[in-house]
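One letter stands for each residue in the lines below.
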Amino acid sequence: MKGMGFEMDNGKITSFQVSLLMYSVILATGFITIPAISAHYAMNDFWLAPVLAILAGGSVLAISIKLHQLYPNKNLIQYSERIIGKVPGKILGIIYFQFFVFTCGIVSREYAEFVTGNFLFKTPMFCLVILMVLLAAFAVRGGVELIVRSTLLLTPLFILPLFFLLLLLPDFDVSNILPFMSHGFIPVIKGSLAPVSWYSEFLIIAYFLPSVIDQNKTVKYSFLSLLAVSASLTYVCLVALFVLGPDTANKVYPVLTAFRYISRADFFENLEALLLAMWVVGNFIKIAAVYYAAVLSFTSCFNLKDYKPFVFPIGILIVIHCFWDIPSFFKMAGFLATVGSFHLSTFMLVVPFLLFIIALCRKQWSKLVS
Amino acid sequence: MKRIGHPHSVKSKFMRKSRLLRMIHSKPEPTNKNSNQREEAPQHPLFSSLEQNKQQLEEVYSKCSDFIIRSFPVGDSNQVVIYYIDGLANASRIEQTIVEPLMGFNGETISIGYLAQHLITSASSKLVVTFDEAIKHLSIGEPLLLLNDEAQAITFGLSNWQTRSIEEPTAESVIRGPREGFTETLRVNTSLIRRIIKSPLLKMDSLCIGEYTQTNIIVTYIEGLAAAELISEVKERLGRIRIDGILESGYIEELIEDSPLSPFPQILSTERPDVVSANLLEGRVAILTEGTPFALIAPITFFSLMQSAEDYYQRFLFSTAIRWLRYFFAAISLLLPSFYVALLTFHQEMVPGSLLISMATSREAVPFPALVEALLMEITFEALREAGVRLPKQIGAAVSIVGALVIGQAAVQAGLVSAPMVIIVAITGISSFMIPRYITGLPIRLLRFPFILLAGSLGLLGIMSGLIALVLHLCSLKSFHVPYLSSVVKSDLKDIFIRSPIWMMDARPDLVTETNKYRQAQGQMPKPSQGSNDE
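Chains A and B supply the protein sequences, listed in that same order. Each residue of the first sequence is one higher than the last, beginning at 1 in our numbering. Each residue of the second sequence is one higher than the last, beginning at 1001 in our numbering.
For the record, the hints were derived by calculation from the structure and aren't laboratory data. No incorrect hints appear here.
In silico DMTMM-like links for lysine to aspartate or glutamate, alpha-carbon gap of 20 angstroms or less:
id : chain 1 : residue 1 : chain 2 : residue 2
1  : A       : K12       : A       : D214
2  : A       : K251      : A       : E113
3  : B       : K1478     : B       : E1257
4  : B       : K1136     : B       : D1244
5  : A       : K122      : B       : E1349
6  : B       : K1478     : A       : E145
Where chain B lies over chain A, by a calculated footprint (3+ residues, C-beta under 8 angstroms):
id : segment
7  : 115-121
8  : 273-279
A few chain B residues that don't get close to chain A, going by computed Cβ distances all over 10 angstroms:
id : residue
9  : Q1056
10 : V1129
11 : V1174
12 : I1218
13 : L1336
Here the structure is a predicted model, which means the values were calculated and not measured. A virtual CB, placed ideally from N, CA and C, is assigned to each residue, including glycine.
The following block holds chain B by itself, in its conformation from the complex (with noise of 0.2 angstroms):
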């Protein structure tokens, strides 16, 4: 394969495509160097003859075995081909609605206008008059219909591939709420959306990116709702991008993030419809995919990575009840190994006597100080977790509980680690747990790395500039304009410290356009003289 160099030959590279069509056209390539764009390139002629038109897509279509040729007359002097990717296309409803018909007329010279008017019983066709048309609707399973002597071609709208039917997301239960997720459909993703908004404002745009993949990726937001400059930076964003492939959208979010070196990821991942239907009626932008059941919104501050839909599905005192627990297990789940370090080897004086009685000890045997002992568990747990993740379901839970156990119990009694340590990693690792999206619990899992490092070092003054460092990390980072903490400095607390009741929350959040500033109307606190049933 061609290495890319520098910029130039990023555009040589993307002219690539154009090499598939100088198969087809043996005329020079016009090269423009300035236009990169996918729209401008070139559409190639279907010819009027038949034999040069069959003998074009052949040779594009050479040596692929999936791809379906029948040719066969109509009629008394017409010739028909029809081309059609085997597993991709309905091959029974071509029998049965294209070529029974076709076979059993007998007329006399006939057009393709008539062809698809009369005789053809499917009900979607398309006329198509390029051979770059012609390849992208036989790319996605739909069969090409030809004709002698026409430079038109007709496609059926006959695909119909296997499909994963519609599950509940594993990754983001609820116990109140709909269990529908995403599938790796993006029709089915598209219209699970707009099931839930009806409204024709709901825009999908739709984009293809990857040379080879010609993956389709689809922008929707809700129109008058997300800011036009958001919709079009995100537009600008995935414009720039040139690859080979697409396989999931995580390779669309490392091309379009603001800080790509970054451990917090700045754009939401989700397989929720119910999820991405919020975002975009608080004017978020959604980009979804072909071929993963991942959507991704942008743009998020950090407190949407804290929270669940579930949140909003139920009472909303124990809604603000589960945050704060949520936010509280978080930091324990970042700072209590180090935690425990800094005090074990600094500042042994605040652990209240009794209790450093008995953790000295159990870590009288142990040989090694409380830093190395913290990094070895937690780099034991982590593999752990690692390995039951990857594993084959039925072997995965056996080996993360026994491996825990038996590591943990026969280390203690071993005496290579001290049985605090086994139950501060346990609490940092159910901790972890509690963070409601994997993609959150991901960079506090690495950074807790660091923190114990710190701690080793420079003891709770380690650890309090490792905060600080978080912090003003936090705070320069952006997701598409927006600062990541930008709801906390503005005082926007009323869904993140609590969830306020949804009668509360008239305003949307500050990222739309300030014209459309309500999302309700105000003052809809339910009240029993509201009830006209009472007389």
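Here chain A stands alone, though its shape is the one from the complex (with noise of 0.2 angstroms):
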């Protein structure tokens, strides 16, 4: 293999995958909890939020893209130590690996309060965590390869039920968009915190760009991807927004009461099973790929080169997370509203963009001394 890095997984996968893994990492979740928060702050503008958000999405990419090409063939952590030094590097390895932990927990948790809140009430929750959790492991353990082809089978599983929203079309309130930006341009930028969040964890491209092997497609494709992500959730906010007018913020799930609505021909009626099929789907790619930057983050600090034997030790701390980080559901959305915005971006835009400019810097540095 080329480069010096520590060769993790030597699967090869294209930017196009790659591009789609992304798209579902970042909406598996977002579908279902941006319109909420959004329109809690944005009032009737939140379908501006998500537009607004790619500027965030769009400065995340470049950087991880950038970054991977002033570090070919190393993921985030391998290259942060080369950027801020070794122990300072080992350091924020172990911190991003906790952090990944607690993400992977944090989704886990929403995926399963979603289910057993709406679908299975009487079905334990740790029953289902712990059947996500290890079907992941197993996607993760067979690495960077099948996760990616797993995710090329399921995502129109995960895409096509959204379009079941058009039947929705003889409701629609147009008129729900008026008025335009009546509260000023704040409440949209407060209201796009929540999106910035999610589209932040396209860092996550940064623990897959070293398997890549159609490097001069990469930026194409997952700004491609960024834009779909963003049509597609500006797409569920305006229907979320023509159905239920100023009511989506009083909504846990704007999107599953929206499904709830459907009723035609006598036939398509109470589609919101479509929605847990989506859910499921969706969680499972999220959860894989998030736990496997969960494990790269690991091995790569502490330089191992086989990553299989930690997949399942790491799962238990993952439903450990789940269950201990978050007594309640309202508390985790409560989080999630308020916290967990800047908890995700400081990891996933911040952080990457102060070892940007720092590897920036190094450079320019190295150039002035040679």
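Starting from the two chains in their separate frames, assemble the complex, guided by the hints.
Below, the structure is given as structure tokens:
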């Protein structure tokens, strides 16, 4: 293998596959959660939030791709050691490992809360979490190729249900969009904080880039993926706005409510089970990707060549985080609407940005010295 | 019989062939532990004394009542012995072309070469110099002739045994397309392929597997189309087989698969020469086995299991539609019962109101939960189906129809199962018959049951988890290092979701060598202007 870094995973994937993966990673939980949080701040202008957040998503993507170009075939942890030195790099690696395990735990909890709260009321939550983490663990153990290949096959199942929202077309009340920007621009910016934190999850691409074979297409496809993400999210937000109006902020899961409204031709009724299917698939992809990032952070931090033995132990950690970090559904919703945004964007946007600045300075410095 | 405990005993077991030869040669066996290649087995030359040769061969074939010995003098001073296996060799031709001319000869001493060239009228003969060769020829029905004071023997190509004639393959029938199927005779099968692919680049490497059955295996491929690594990999895997006997190509399939524990077949088996030829032309390797009409093809992808030969013989629009129908019903066959169980158990709200009422009415008297009901009916259906297959043809059809009617009708009337469940099982059954290959249907039939259990315990979420697990499994499967779903992953979809017109399928599938990329001239889409008859 080329490059001097440790080769964790010698799977080979394409840019297109990675972008498809990132699409599902961002939107898996985004569809369900973002409209409500954004509507809480931005009132009837919340559909602008996903558009505005492109800026943040674009910068995260640009930073991760640029850093990867500076340090080819290395993942986030491996090059942060090069950028800020060995010991600080290791510390950062451990922090990132912890961060990804925590994020994965939160995502698993979100998944399980949604399922037990709306569909399987009596099923114990740990059953659902363990089943999902186990599936993700098998995917992660299979390596990067298995993750992206299964994503490729599962993504249609994840995207198609969204088109069923169009069955609501006759119920759309387009006037809900007015008054446009009546509260000024500040609420929209506040509302875009949630999508910003979700979009910053594009940083996970930094763990997949070393396995990409067609590097020259990465920029094109990943930005297409970003555009697709914000287009889909804007679509969902608009549907929620047209159907639910200003009430969107009061719903826990606006999309679920919209799906429940569907009733066409005496046959397409109560399609929320479709949303459940989509939710399972999307969360599987998301948990697998974050899980992979966690495992790779851990092994890169300690320069371990084989990551496979660590997959299941880290899975146990994820399950533990899923239950210990969050006491109840309301705490979780509160966390996601307030601290969560800052927590996510600190690690996925601010820290990489600082790393990027330092890397550039180091490069300039070494140029000056020579 | 000796038990096989550890790898060494496999080798020592393999040395049993040498035990047979030890009977011939009383000298100690050179035990070369490292060499486990068949070709390296020591060769035992024939003696120059007729008596010794006779004694050894007859000892080897002692207690074989079908082993015929004919001994008679030739001319003044010569003695000849002819051996053959009754029923495998053509006895009347032996009389006609070997025995009669020799008996009619009354000259002086002759050599074996003279005998073969001037006296015997049989067309093909071959000199052999070792016991191993002699036994090999005898066992395929060729008569062996020994002459006094010669350390050589002659065999004649006079084998002739009963074979089944070429018939239409029953498991893969087509409406349009060739109706020839393979038979149990290897030579007939190779000739069927050679008749389709006449190029000498069609290679047929012969192997012999099975210590007792000595089954002939032919690895066939087209040189320049099949990747060299693939050919050597196939031969390598075949060469690893150490077994008493190969009775069907299924033995080989199980011994050379990539993932033996998977429910999905990773090697295609077919009894159609045109399917084998099509696959050879796409750079795959076929393995023909003596004694079975089923040829093996490797590597395959999941989608080759869902294709029928006729897809390529009928118009592409219709083939495309049929493919979609097939995929849809394969999904139905896998998921319908579990979906029904999930709906009834967890997601009643998804069922439209009026339908829900009629379903609830019919389930009123049913004492079981939907999960038990579904399992009960599915198992019954599988049992009926299996009974129908194994019974003699005349009874089989009656049993399955009467069984299904009686059980279905009576069970519903007695209130043991609900009518919708019977409908579901019937639809599932019909869908599973839509799958063009029997071997593809098996994993789907099997996986239906875990899906029903998952649906009964976790509803739609269980089905989705099962689907994810299935996708993960399929994505990690490989067939001779070719990923099982490679064509989807590489977005090479022109022969998967649609059956492209022949004139559009210019490029070969990706598994062949890079140098030989196109299989036909490009731009062959027929247009009226191409015809010259218009002027």
